Amino acid sequence: MSAADRVGLGWRDALAASTYVHLDSIDVVEVILDDYFEASARQLRALRSLGKEVPVLGHGVALGLASVSAVATSRVERLAKVVNALEPQIWSEHLAFVRSGTYEIGHLAAPPRTSSTIEGAVANVETVRRIVGTLPALENIATLIDPPASTMSEPAWVTHIMAGTGSKLLLDLHNLYANAVNFGHDPFEYLRAFPLNRVQVVHISGGMWIELESTRRLLDDHVHDVPDIVFSMLAWLAERCPQPLTVILERDGHYPEFDALLRQLRRAREALASGRARHSWEAHELAAV
Amino acid sequence: MSSQQFETFLARLYADREFRERFLEAPRQIAAEAGLGEDEQRAALEIDQPGLLMAARSYEFKRAGRRSRRRLLRLPWRGV
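Chains A and B supply the protein sequences, listed in that same order. For the first sequence, this note's numbering gives the first residue as 128, with consecutive numbering after it. For the second sequence, this note's numbering gives the first residue as 93, with consecutive numbering after it.
In isolation and in its complexed conformation, chain B is listed as follows:
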């Protein structure tokens, strides 16, 4: 497993906030609509959700090209 389609699905989850929110609302439907194979759909449903949110916001931050600690702490996680 791990087709280009699945990589693109992951890249979109990480880069497209609206798509990610729709996925988290209705993961089964969005995974099916993405045209993933059966195993890939299962992997999508089992995704590490806190990790997805943390990673996606971290990538968003990198794309914005800002690195201040204050902005890092403004992300939806809590610095501990």
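Here chain A stands alone, though its shape is the one from the complex:
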């Protein structure tokens, strides 16, 4: 892996003590910003002190930026308060809609991939930039349903939003893998179609296969180990992306022994190193020709 690549873990209360103890093996942690919306000034100060121990990223989960509806400024202001208290090196949000009208979906949903939702996302990201003061990196989401009324592919839709916002991409490899296998694409060809020059942060996680009425799909659930193919995709990515990558392992429950999480972090480092080595070897070979 390159000197500037980093590998870290999502900050979770259940893992906090072990995370602290193993900071020699963890380059960076990612904090869920929404978890601190109701935090007191004292709690926010404690959160900020975490940043003195280890580099911190912030991650928002419920703004619903990829929507034809304007994001509520009150929500953005709440998030801005936490971002300003935490001062993360990078913060991010999802390319998803989470509510519309009076209906709260309760999680990240893929909107129709159309020019309208591209325009909506670009306008919403600009609102967020104005209020928070910095641009978020934007994350691709997993979906179990092929978003109805879409007029373009997911990679094309993401590419247009990246171009319109100027944001970096938080590339979630398990989300990408799930969408590829759920909707009939080769995962590596699907990955190749994303705007890889915009990738700044990478998420890795796991999921489970589910079946309903003979339809089988991969659910991204963050409660299973990272599958081998995601590490292969990470190596593939590291081979093709010269820019530094920050890789975050997301685990949201059914926590294994902490050693098992550390093993997955080591595998991520190995994948980065193998991709970087292949890149260097190919560059060397080309120079020799």
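Everything labelled a hint here was simulated from the structure, so no lab data went into it. A couple of the hints might just be wrong.
What the hints assert, rightly or not - If you want the footprint, here are the derived chain A segments under chain B, 3+ residues with CB under 8 Å: (1) 194 to 205; (2) 317 to 329.
Stated by the list, open to error - Computed beta-carbon distance windows for the label pairs: (3) A/R256 - B/D108: 27 to 35 Å; (4) A/R343 - B/R134: 20 to 28 Å; (5) A/S242 - B/Q141: 21 to 29 Å; (6) A/T261 - B/K154: 48 to 56 Å; (7) A/Q170 - B/R109: 44 to 52 Å; (8) A/H406 - B/E130: 46 to 54 Å; (9) B/D108 - A/E253: 27 to 35 Å; (10) B/E113 - A/S201: 27 to 35 Å; (11) B/G129 - A/S341: 31 to 39 Å.
Stated by the list, open to error - Covered stretches of chain A (in silico footprint by chain B; criterion: 3 or more residues with CB under 8 Å from a CB of chain B, positions within the stretch not fixed): (12) 143 to 152; (13) 342 to 351.
Everything numeric in this text was worked out from a predicted model, so none of it was measured. Cβ coordinates follow ideal geometry from the N, Cα and C atoms, glycine included.
Let chain A serve as the given structure and place chain B on it in line with the hints.
Then chain B, alone, in the frame of chain A:
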């Protein structure tokens, strides 16, 4: 295409079980009653139904804020 009305229609399909069941019983009627445009009605009729059911139950599970594997497996799909 992709109006706010269509997004609200989707959000309701994902979040409101009774509305979703009525839609699956009579998709043409419910899409028309929702005031969707012609293209949006067509998109609603062509919806990925297994995906809709899986996604809706997944969102329901998230709203309930529970993440145990046992509860995941109790959803109407089968873990494989």
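Tested hints:
1. 194 to 205: holds (count 3)
2. 317 to 329: n = 0 at 8 Å, threshold three: violated.
3. A/R256 - B/D108: 27 to 35 Å: Since A/R256 and B/D108 have Cβ atoms about 33 Å apart, the given range 27 to 35 Å holds.
4. A/R343 - B/R134: 20 to 28 Å: Since the Cβ atoms of A/R343 and B/R134 sit about 27 Å apart, the hinted range of 20 to 28 Å holds.
5. A/S242 - B/Q141: 21 to 29 Å: holds (26 Å)
6. A/T261 - B/K154: 48 to 56 Å: violated (28 Å)
7. A/Q170 - B/R109: 44 to 52 Å: 36 Å Cβ-Cβ, so the 44 to 52 Å window is violated.
8. A/H406 - B/E130: 46 to 54 Å: Check passed, 50 Å falls within 46 to 54 Å.
9. B/D108 - A/E253: 27 to 35 Å: holds (31 Å)
10. B/E113 - A/S201: 27 to 35 Å: holds (33 Å)
11. B/G129 - A/S341: 31 to 39 Å: holds (33 Å)
12. 143 to 152: violated (count 0)
13. 342 to 351: holds (count 6)
Hints 2, 6, 7, 12, counting from the list given before, are not met by this structure.
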